[in-house]
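**Student:** Construct all of the structure, not just a fragment, from the sequences and the given hints.
Chains as they are written, first to last, in my numbering: chain A, 62 to 347; chain B, 62 to 347; chain C, 62 to 347; chain D, 62 to 347.
Since the list gives no way to pick out one identical chain from another, each pair is judged satisfied if it fits inside one copy or across any two copies.
Restricting the straight-line Cα-Cα distance to at most 20 angstroms, the calculated cross-link-like pairs of lysine to any residue (SDA-like) are:
| hint | residue 1 | residue 2 |
| --- | --- | --- |
| 1 | K315 | R326 |
| 2 | K78 | M106 |
| 3 | K78 | D99 |
| 4 | K315 | D299 |
Honestly, the hints are just simulated from the structure, not real lab data.
There are 4 protein chains.
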Amino acid sequence: MPTESTAILLVSCPDQKGLVVSMANFVFQNNGNIVHADNHIDAEMGLFLMRVEWELDGFQIAKDEIAARFAPIAEQFKMNWSLHFSDRPQRIAIMVSKYNHCLYDLVLRNASGELPGEIALVISNHIDLEPVAKQFGIPFHFFPINRENKREQEQKELEILASHEIGLVVLARYMQVLSAEFVSTMPNRIINIHHSFLPAFIGSRPYHQAYERGVKLIGATSHYVTEHLDDGPIIEQDVIGISHRDSVEDLIRKGRDLEKITLARAVLLHLKSRVLPYGKKTVVFS
Amino acid sequence: MPTESTAILLVSCPDQKGLVVSMANFVFQNNGNIVHADNHIDAEMGLFLMRVEWELDGFQIAKDEIAARFAPIAEQFKMNWSLHFSDRPQRIAIMVSKYNHCLYDLVLRNASGELPGEIALVISNHIDLEPVAKQFGIPFHFFPINRENKREQEQKELEILASHEIGLVVLARYMQVLSAEFVSTMPNRIINIHHSFLPAFIGSRPYHQAYERGVKLIGATSHYVTEHLDDGPIIEQDVIGISHRDSVEDLIRKGRDLEKITLARAVLLHLKSRVLPYGKKTVVFS
Amino acid sequence: MPTESTAILLVSCPDQKGLVVSMANFVFQNNGNIVHADNHIDAEMGLFLMRVEWELDGFQIAKDEIAARFAPIAEQFKMNWSLHFSDRPQRIAIMVSKYNHCLYDLVLRNASGELPGEIALVISNHIDLEPVAKQFGIPFHFFPINRENKREQEQKELEILASHEIGLVVLARYMQVLSAEFVSTMPNRIINIHHSFLPAFIGSRPYHQAYERGVKLIGATSHYVTEHLDDGPIIEQDVIGISHRDSVEDLIRKGRDLEKITLARAVLLHLKSRVLPYGKKTVVFS
Amino acid sequence: MPTESTAILLVSCPDQKGLVVSMANFVFQNNGNIVHADNHIDAEMGLFLMRVEWELDGFQIAKDEIAARFAPIAEQFKMNWSLHFSDRPQRIAIMVSKYNHCLYDLVLRNASGELPGEIALVISNHIDLEPVAKQFGIPFHFFPINRENKREQEQKELEILASHEIGLVVLARYMQVLSAEFVSTMPNRIINIHHSFLPAFIGSRPYHQAYERGVKLIGATSHYVTEHLDDGPIIEQDVIGISHRDSVEDLIRKGRDLEKITLARAVLLHLKSRVLPYGKKTVVFS
Chain A
62 MPTESTAILL VSCPDQKGLV VSMANFVFQN NGNIVHADNH IDAEMGLFLM
112 RVEWELDGFQ IAKDEIAARF APIAEQFKMN WSLHFSDRPQ RIAIMVSKYN
162 HCLYDLVLRN ASGELPGEIA LVISNHIDLE PVAKQFGIPF HFFPINRENK
212 REQEQKELEI LASHEIGLVV LARYMQVLSA EFVSTMPNRI INIHHSFLPA
262 FIGSRPYHQA YERGVKLIGA TSHYVTEHLD DGPIIEQDVI GISHRDSVED
312 LIRKGRDLEK ITLARAVLLH LKSRVLPYGK KTVVFS
Chain B
62 MPTESTAILL VSCPDQKGLV VSMANFVFQN NGNIVHADNH IDAEMGLFLM
112 RVEWELDGFQ IAKDEIAARF APIAEQFKMN WSLHFSDRPQ RIAIMVSKYN
162 HCLYDLVLRN ASGELPGEIA LVISNHIDLE PVAKQFGIPF HFFPINRENK
212 REQEQKELEI LASHEIGLVV LARYMQVLSA EFVSTMPNRI INIHHSFLPA
262 FIGSRPYHQA YERGVKLIGA TSHYVTEHLD DGPIIEQDVI GISHRDSVED
312 LIRKGRDLEK ITLARAVLLH LKSRVLPYGK KTVVFS
Chain C
62 MPTESTAILL VSCPDQKGLV VSMANFVFQN NGNIVHADNH IDAEMGLFLM
112 RVEWELDGFQ IAKDEIAARF APIAEQFKMN WSLHFSDRPQ RIAIMVSKYN
162 HCLYDLVLRN ASGELPGEIA LVISNHIDLE PVAKQFGIPF HFFPINRENK
212 REQEQKELEI LASHEIGLVV LARYMQVLSA EFVSTMPNRI INIHHSFLPA
262 FIGSRPYHQA YERGVKLIGA TSHYVTEHLD DGPIIEQDVI GISHRDSVED
312 LIRKGRDLEK ITLARAVLLH LKSRVLPYGK KTVVFS
Chain D
62 MPTESTAILL VSCPDQKGLV VSMANFVFQN NGNIVHADNH IDAEMGLFLM
112 RVEWELDGFQ IAKDEIAARF APIAEQFKMN WSLHFSDRPQ RIAIMVSKYN
162 HCLYDLVLRN ASGELPGEIA LVISNHIDLE PVAKQFGIPF HFFPINRENK
212 REQEQKELEI LASHEIGLVV LARYMQVLSA EFVSTMPNRI INIHHSFLPA
262 FIGSRPYHQA YERGVKLIGA TSHYVTEHLD DGPIIEQDVI GISHRDSVED
312 LIRKGRDLEK ITLARAVLLH LKSRVLPYGK KTVVFS
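**Tutor:** What follows is the structure, encoded as C-alpha cells:
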C-alpha cells in the first residue's frame, strides 16, 4: 500500500503482443516507479485487461498532462482506459431509503480514514435518515418519488449530482429502482448492495424467499447498477451460515452485517481503482 | 459423541405443552440416560420437532420392543416419528455416472471409519466407474438408461435396492433425473449433491452459468430428492471464493472439493439421525 | 425466536439419569410451554449442562418466585444455575480506550433493537471517546489510570458499576489489563475482544505479529475475562483472509470488521443467555 | 488459465525503477505473448518480487536457452530468480507415516489431472501405506527411522530423491522431524501440512490442545519446511468452525478435510510456480 501519491491506469483492449511492455515503458521512460502492475486476459473474449500503478514522485509528466500523453498509446491499441490519482479523492453521493445501517457504516469508515473520498451528500426518497446525515454534517437531500414525479425527481437528482461533481453514487439500501435513463448517465459509477447471493433471490424480499426455501446460507452482493434489475457486473459477494433456528428477523439481522461489509469492500475497491468492469463481469485487481 | 450404543427418536407433531417432558419421561422411566435432547418449534407452522438420544446400556426395554412401547405416546400427540440405533449401521447405495471424486470420497471416508454404515452397492448408468467400485470390493451394477427403457431400468434398480435392504441412496454426481415414481418409494432417503448454491443455477450446467454471470463465489448444495428437480429440502450448503482468473475448468476443479465435502457432511448428518425433514425444509440437530 | 416473554434456566451439574426430565417437569407441572431445551454432556468431566427456555405466559409461578421454587431441584442435583428473563433487559457498561469502532458498533446495534439490554454507561481510561457517548446520550466516565492510581481508580469503577446495577461489562478494545481483584467481582460477566485468533498472538500487538509471521488469515476472539491475560473461556472466533499485499495497516483495517462482529455476536449470545461457561470453556446453545 | 505451453519467471531483487519494463521487454523483444504479469513490492524490505508468464508458442528463444539469455538481466538487477515451464511436469515425492487421507487425496487429484506433475515415489517411516501406493502403481520406499539410524536413513532418502530427480517433496502427514541437513538440500522445495492454524498449537498434538483450550475454530497450515519446526514460510491456511459438541475425535475428523484441501492448494500453487518465498514469508501470485 503506497503512502506516496500514485497514478493508476485501468485499460482494456483486444489482446496482442507488446501490451505489458508498452504500458510499463510509458511509466519507465518518464522516470516513474511502478508499485504494482497486474494484467488479465479473458481468452474467450480475446481481451487484455490491465492495471498499472506508479508513484507520481519523480514522474516527469505533470499530473494534468498524463492523460494527453498516454492518449496516443491508447489509440494505437484501441484501449478503453481511465486514469486515476490516489491523492485526488472522489466525491461520493449516498442514496438511502429508511434503513440506516449501511449509511452509518460508510460514514463511519469514511470518518476513520478507512474509506477515502469525500461523502458530499446523502439523497433519499424518505425523510427518515436526515438526522443521521446531519449528525455527521453531511447535506441531506429529500426527493420523495412516486409514479408521477419519478422522471422529474430523478432529473433533479442528476442535476444535484452534477453540480457537486459526484464521481460515485452508492445505493446503500436504496429501495427504489433507478430508471435506465438515470443509470446511463453514470455507467459503472453506481454501486448497489443487494441482500442476497445473486443470482438467487432477485427482487425485493430475498430474506423472506431464503427463509421459505430453507437455505443454510444467506448472502449479499455488491454490483454496478445497469438498467436490468440486479443484473449488473458483480464486484463482491459474501455469505453467512444460518440454521432452522433463524427466523426471518434473524436473517435480516445477520444480513445487515453482510450488507455493510460487502458494500464497503466494493466501494473501497472502486475508490482504489481496483475494479475494471467489462461486459457483464468485473476484474478485481486485489 | 457417545461411544456407547444409543437409541435416537426423531419426532415432529403439532406443538403443545408437555411434549419435552413426555419424551424425556419415556426414557427416564425405563432407566435410560439421555445423552442429548434438543427441540425446535416452527412457530409459523405450529410444529414441534425434537431429537432425543439415550444410551441403550441399562435401558429396560429391549431394542426391538422400543418402537411398540413408544407408539402410544406418538399416537397421543399425533407424532410423525422414527427410531434409530447408533449400532445398527444403515445399508447405503451410491449412484454415480462418470465423475469419480464423490464416489472415491465416500468410499474412503467409509473405509476410514469416519462415515458409518455399509456401502452395499454402486449403481451407475455408465460403465466407467466399475473399476473404482471393484478396487474397494463393492458390487457394481450397470443400468444404462435411455428414454425407452427408463421405467423398466428404474424398476430393476428399485428391486435391487429392496433386495439389499438399502436404507439410504446417495446420488454422488448421478447425472440422470430420477422419476417421481422412483423418488416416492424412498422419501427423505435419497440425498443428492447439486453443484451450485441453490436456488441459484438450477439445472445441469451451473459452473458454466456461474462463469457467464461473473459471480465471485461458487457453491454446492446437498438435499433430499423430491419429484421436483433441485427443489428438495436442503441439508447442507457451502461456498468458495473465485476470481476473474478462474476459467470454467477452474470452477469445476474448485467445485469438486465443495461437492465432496458438502455431500459427505449431509450423508454423515443423515446417518447420525441428525436431520429431520419437514415440509420443504430440514431441521439439522448439530 | 419467541416474541413472548420467556424464562431461561442455565444449569450445570454432575451427570446422572433424570436430569432432563426433572428440568422439563418443573416447567410442565407449572403449566409452562418449553420453546427450547438443549443439553450437552462433557463426558470427560462427567458434567451435564443444559439450557431450558419457556414462555412465561400462563406459567403458574410468579416471576419473582421461580428461583425459590427451583432451588430445591437445584440442590438435589448439586447444580450451578442461573435464571434469566427475556423481558428483563440487562444493564451494560462498555469500557473503551481510544478506538471507536466497537463502541459505535455496539451502540448502533443497541439503538436498532438488534442488541437487547440497556447501555447504561461508557467508562474509559482516555477522554477521546466522550463525544461518541454523548452523541448517543450515554453517560461517559473518565478514569485515567497509571501504575500508582490503578487500584484506587478500579475501586471507583466498581462502585459506579454497582450503583448502576451493571450486569455485563464489555471491553470494546479497552487497552488496559484489569486487575484480578476487579475481574473476580464479576465472574463470567466481563466480555473482551482480542484482536487475534487465540491462542495465537497473545498480547498487545497481534496484527504486527501476524504481519511478521506472514500468516494468510487473521482472526478475532471474544471471551470472558479471567485473571489470566487472553486466557478466558472463548465465546466466539472468526477469521478473514489476507495476502502479501496487505500491510499492517490493512490488517488493522480488516481486523476492525472482525473485532466488531465477533464481539457483537458474543455479547448477543450472552444477553440471550445462550452461553454457559464451565472450566476453561463455554457451551454455546445456538 | 493458458492451455498453451508457457514459461514462467519468478524473480526477487532490490526494488528500483525499470524492473517491470525490463522483464516485459525480455519477453516482447523475443516475440513472446505475456499471459500474466504481476508484481509486488515489500516496502519494508525494499524488495521487488515478480512473476511473468508468457506463451512459448512463437517465442524466438529455444526453451533450453532461455535461462542463459535471461541471466545478464538477472545479474544487472541482482535478482534471485527461477525459470519454470508449464509443460515440463515436476517429479514429486510424497512422504507419509500412517495416516492415508492426504496421500489418497494427492494421488487422486493427480490421477484426475487436477494436480500436474508426476508422483514418482512414496517414502515412509512405516510400512502401513504401502498398499495405497501399490494400488496406484507408485513405488513405495520404506525407511524405518530411530534415533540411531536417522542420519543414515535420511542419507539414503536423499540419494533416492536425487536419483529420481525429485523437484518437490510433500510431507503428507509425515510424523517425523526432518534434520536441518536434509532440509537444507531442498530449500523451498519441501511442503508440509501442519494440523493447526499456525502459530497456534505448534507441535505434535494440536487437536488435543485445541480441545483443551476450547477454541471455536480449528485450522490447518501448509508451509515450506525450514530447519525450525513449524516455522517455515506459510503458503496457505484455512479454518473450520467447531462447537462444544465436538470431541477430540470430531476435531481430528473435521481436520482431515482441512489438511487435505490446505495441502493440495499449496502443492498446486507451487506446481504452477505461483509461490515466491522470501525471508520468512511468501508471495502467492493467485
